[in-house]
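K.L.:
Chains as they are written, first to last, in the numbering used here: chain A, 1 to 154; chain B, 1 to 115; chain C, 1 to 275; chain D, 1 to 200.
It is worth saying that the hints were derived from the structure and are not from the lab.
One thing to keep in mind: the hints can contain errors.
The calculated EDC-like cross-link candidates involving lysine to aspartate or glutamate, where the alpha carbons are at most 20 angstroms apart (straight line), are [what the hints assert, rightly or not]:
| hint | chain 1 | residue 1 | chain 2 | residue 2 |
| --- | --- | --- | --- | --- |
| 1 | C | K33 | C | D4 |
| 2 | A | K149 | D | D111 |
| 3 | D | K90 | A | E60 |
| 4 | A | K149 | D | E115 |
| 5 | D | K191 | A | E143 |
| 6 | A | K149 | D | E169 |
| 7 | D | K90 | D | E115 |
| 8 | C | K39 | C | E26 |
| 9 | C | K39 | C | D73 |
| 10 | A | K149 | D | E187 |
| 11 | C | K39 | C | D4 |
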Amino acid sequence: MRALEPWVEAPLQSFLAESSARLTLLMTSSGQVVAQHGFGRSLDIMTAAALGAGIVASTEELARLMGGSRFEALMHQGSRQSCMLSAFSTPRGRWIALVVFGPETSVGIVRLFFDAMVQQLATAAPREPVRPTPLLAEDFEHELDASLKALLGR
Amino acid sequence: MSKVTAGLDRVTRVPGVRGALIANSADGLVVAEQLMDGVDGRAVAALAGSLIARLARTAHSAGLRPPVFVHLRGDEGSILAAPGADGLVLLAVVGREANVGLARLEMLAAAGRLA
Amino acid sequence: MSDDIRTLTTRLAEEPSSLAFLELAESLRQRGKLDAAYKVARGGLGRYPGLADAHDLMARILSDRGDLAGAFDAWSDALRLDPLRTGALKGIAFLYFRAGDVAAAIAHLERASEADPDDPSIHQALARVRRESTAAAPPPDTAPAPAPISPPAAPAPDSPFTAGVEDERGVLLVDANGMRLAGELSADDGSEAGDRVAAQLAGVSREAARATRLLGLGTWQSIAVESPGAHLILTAPTSETVLLVTRDASFPMARVGLIADRAARTARSWLEQVG
Amino acid sequence: MSLVNFTAREITCKIVYYGPGRSGKTTNLQYIYGRVPESRRGRMVSLATQTDRTLFFDFLPLELGSISGFSTRFQLYTVPGQSYYNATRKLVLQGADGVVFVADSQARRFDDNLESLQNLQDNLLAQGVDVRQLPAVFQYNKQDLPSDLILTQSEMDDALNFRSVQSFEADALHGHGVFETLRGLSELVLKRLAAGTAVA
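Looking at chain A on its own, in the form it has when it is part of the complex:
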């Protein structure tokens, strides 16, 4: 498990333990990863987050178009594993969760403990986010240049 900020860890840990979810990804509504459990590569995490955020955003747009209220959660049921996507409010803005789970647990259990996690996150969030400024070195342009050159083979 990895989380961007430590206060996310305990609620997520207890969700994972109770729900038996296989993979869990928490992200901002624009698809930036906040915490994850169970993924292998960081680049795969980013792809899953981009797609998950896209699905939630387009579904919310669809709901708005139909004049209805937001969908609480999207469930995709597969034969070997299922997936839940749900947007929720936190003191840090709207987040999205992507949860993948197998037949060892159930939709009902995942949703029950997911709601508990949302509540725990709401109380665990520190009032004032700590926002230190990243200190990029003055010559970071050279590093950037070198990195991009190495990346694009030039």
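Fit chains B, C and D to the known structure of chain A by using the hints.
P.N.:
For chains B, C and D alone, coordinates are given in the frame of chain A:
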């Protein structure tokens, strides 16, 4: 009144029964419910549904057929479960003083009509 | 000191209640700094005794330090908190395998495989252990043969249900990890079903405890299961054990309940003696 | 908004390639994807129609390496260019740290460029983003076409680049200008991050 709600109605009339619901034991979601205030049907469906599914697996490992009635007793009350057809299960939350024998009979009758 | 260890150490110092100790101790373990890893993990465990991750981590560290009995205990603790934890199941399977108990190793790996059918390492381990079990010679890479460890939850030579107090058949006493402590259970076709059922019971007990707790029904006392052909009662003689009593369906359930009460008392006093 | 993990010293930035239909946004990403070693890039996801027009977005995550001790990752997105996909364009634009506006240099696409640029400004405004604050660069693509069909860089600048931000000539199909564009925008995004105004 549909057969299903009629069944729930008969179960909830038994003294000590605080609520009855029908859940899908595979996904742990509520299908229909009749609950007193303070009983969280969603939590009952998820938690009891999961336990019933596990007990069915345990019975299977012991070479037994799936359970027809389950009584989970806690020191403050009980959950009763009567699995029916199509993965549906009739659940009841009862207080310590409930007439479990009567509730069981009503539930077995109602579960037989589930489908 | 490498960068990530320094970062983690700083973070842990700033926020001692964070779970950074897990990552830090693991990084230290991977670098072979076992004493430091042990200290960090022990501190974290003191703060989070209910965290399966912490016990799992401690088990890996102890295993690396050669304290196999300690590792066994720690993995057992992890499993008690999270019965489907594949890391702990694999760890215990490894210890059984090293101790020469291939059947127990296979049983644990099978449970791990059930818990995570997609983990290829479990399938490989299972295949290997099965191969070894058919070969007469001991596994080549375990030489020099380590002293067999005796798992703490190993069944005592006698059983609470053999002294004529209870019919041994149809009574099963299981520990918190789903391992059989005593008793026997036969399937309809006469085959022994005790170990298979035992493996399921730890999870049943955990789920029953969770359901009654979260639904405001207090501590769980018993589960009565009516199945066509059989009546079953489950109770918890102690917080660490589960007892199953099963009888033919012609036995009234209430009577099976009385038998279960008596068997639970017998089991409790036996556990006190052997514990 | 960029996401900065101070504990693990990681920076993640979202970069959006914007512009009219068929101006070459997806081609930019495909070129980058083809050049970057596999270990440094994720899967390129293209949600496209049967005729290969971007339907929702293209997505390419890149592992840039270490910048000032921060392990830096870029998420490159494209938006669908066709005007009827504005709803999805708005969604993709959410939380962008920087925008590459890929314009089609062909004279006959002049109006399409203007319309798309206006649409970008409208969408940013609707999201409460100050257009003047958002790092942005222009890429004038298809400069390889015959000169009588296209506008020059200075003509394009006059037509589109009112704020005089950096602009780059490009032939994305062959990779010309792709690197320079990405480098130009990356620098702006990271500079803004260094100034501490864009930390999530």
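K.L.:
Each hint should be assessed against the structure and marked as holding or not.
P.N.:
Here is what the structure says about each hint:
1. Annotation: proposed proximity of K33 (chain C) to D4 (chain C) holds, straight-line Cα distance about 14 angstroms (limit 20 angstroms).
2. A threshold of 20 angstroms between alpha carbons decides the hint, and for K149 (chain A) with D111 (chain D) the separation of about 35 angstroms lies outside it, so the pair is violated.
3. Taken as a hint, the K90 (chain D) and E60 (chain A) pair is honoured in the structure, with Cα atoms around 13 angstroms apart against an allowance of 20 angstroms.
4. For a cut-off of 20 angstroms, the pair hint linking K149 (chain A) to E115 (chain D) is broken: about 34 angstroms separates their Cα positions.
5. Proposed proximity of K191 (chain D) and E143 (chain A) is supported: the alpha carbons are some 13 angstroms apart, at most 20 angstroms.
6. In summary, the hint linking K149 (chain A) to E169 (chain D) is supported, as the alpha carbons are separated by about 18 angstroms, within the 20 angstroms threshold.
7. Note on K90 (chain D) and E115 (chain D): the hinted pairing holds, with a Cα-Cα distance of about 15 angstroms set against a maximum of 20 angstroms.
8. Proposed proximity of K39 (chain C) and E26 (chain C) is supported: the alpha carbons are some 12 angstroms apart, at most 20 angstroms.
9. Using a Cα cut-off of 20 angstroms, the hinted pair K39 (chain C) and D73 (chain C) holds, with the two alpha carbons roughly 17 angstroms apart.
10. In summary, the hint linking K149 (chain A) to E187 (chain D) is supported, as the alpha carbons are separated by about 14 angstroms, within the 20 angstroms threshold.
11. Taking the CA atoms of K39 (chain C) and D4 (chain C), the gap is near 18 angstroms; set against the 20 angstroms cutoff, the hint holds.
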